[in-house]
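Produce the complete structure using the sequences and hints provided.
When the letters of the sequence shown are read in order and numbered with mature numbering (1 follows the signal peptide of the UniProt record, and there is no 0), they come out as residues -34 to -1, 1 to 256.
Among the hints, a few may not be true.
Restricting the straight-line Cα-Cα distance to at most 27 Å, the calculated cross-link-like pairs of lysine-lysine (DSS-like) are [to be verified]:
id, residue 1, residue 2
1, Lys(-31), Lys237
2, Lys240, Lys(-4)
3, Lys240, Lys224
Derived Cβ-Cβ restraints for the label pairs, each shown as a range [to be verified]:
id, residue 1, residue 2, range
4, Phe188, Ala66, 34 to 44 Å
5, Ala69, Ala230, 37 to 47 Å
6, Glu166, Trp104, 33 to 43 Å
7, Val185, Phe106, 21 to 31 Å
Note that these hints are calculated values from the structure, not bench results.
Glycine residues also receive a C-beta, built at the ideal position from the N, C-alpha and C atoms.
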Amino acid sequence: MTIKGMLTATRPWSWTAGIIPVLLTGALVHKAEGVSVAKGGLSNALMMVITLQASGNLVNSYIDHNYGVDTIETAGDRTIVDAHVSPKGALVLAGVMFFAAVAAVLPTISRMRVSGQARELEATFWVGVAMVFSYTCWPFRLKYRGLGDITVFLLFGPMLMQVAAMLVCGSVQHWVLPFGVPAALLCEAILHANNMRDIEQDRSAGISTLAIGFRSSQVLYFGLLGMAYVVAGCLAATGSRGSALSFLTLPLAISALKDCRPEAVRNLDEKTAKLHLLFGVLMTAGTLLF
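Here it is as structure tokens:
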């Protein structure tokens, strides 16, 4: 098991799904509250989301490998089938990443206990942790029960931004929640594009998703992308003018919508991930600039 293999096993290309909401949160609280993001809170939030996401990725790889979802012939996740890590190595590395995530949150929890506000951070963080590992783990196995989509929406949108805001500010910041919705919708669109590609494979493995038929899945994909821009437009119209900068990604969104057809769906998740990244970067930049 090499350093390169371990890094590959954590799926670093997927980390932007968590990094973007954290950076946006940092920009929002800096602009609205004048909070400095150079004091460690933002770096702790980034460390938390990267290591927790990496841990969840490794556990998911282990479970899917054990259940025969990921095979040499069909696996989209090549972590274990290509021997980047062994099954046991994946669990050990997942444990290391998990403890790193907890270590990133503990200092802020300790400080917030003094002001009596730690309870919400602790509750949101630990519920998020439970959802991360319940995605494929027993007893809930959310991915296999058709609940993977709503789990991803909550984790990579409002819940993540609330935890990030508390880590950066040291206090509860409920007002950031609506700003997490566009990124969460696009993150869900990434998962849905992947599910559309793997409809038959998931069905044979006993996995239930919202991709219940290609035509219905197309409608849902169109809706997810469309609603991301609707929410961004509402945010821009109600005072957050910088959110409008995200509309510069419309050409990429239109291109993704055109690729939402059976013969082109294979790479749709990659194109949607690029849209999510650029959308989030522009929304973050717009928040700081305007």
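Each hint, compared with the structure:
{"no.": "1", "hint": "Lys(-31) with Lys237", "verdict": "holds, 25 Å"}
{"no.": "2", "hint": "Lys240 with Lys(-4)", "verdict": "holds, 26 Å"}
{"no.": "3", "hint": "Lys240 with Lys224", "verdict": "holds, 15 Å"}
{"no.": "4", "hint": "Phe188 with Ala66: 34 to 44 Å", "verdict": "holds, 39 Å"}
{"no.": "5", "hint": "Ala69 with Ala230: 37 to 47 Å", "verdict": "holds, 43 Å"}
{"no.": "6", "hint": "Glu166 with Trp104: 33 to 43 Å", "verdict": "violated, 25 Å"}
{"no.": "7", "hint": "Val185 with Phe106: 21 to 31 Å", "verdict": "holds, 28 Å"}
Against the hints set out earlier in the document, a violation occurs for number 6 only.
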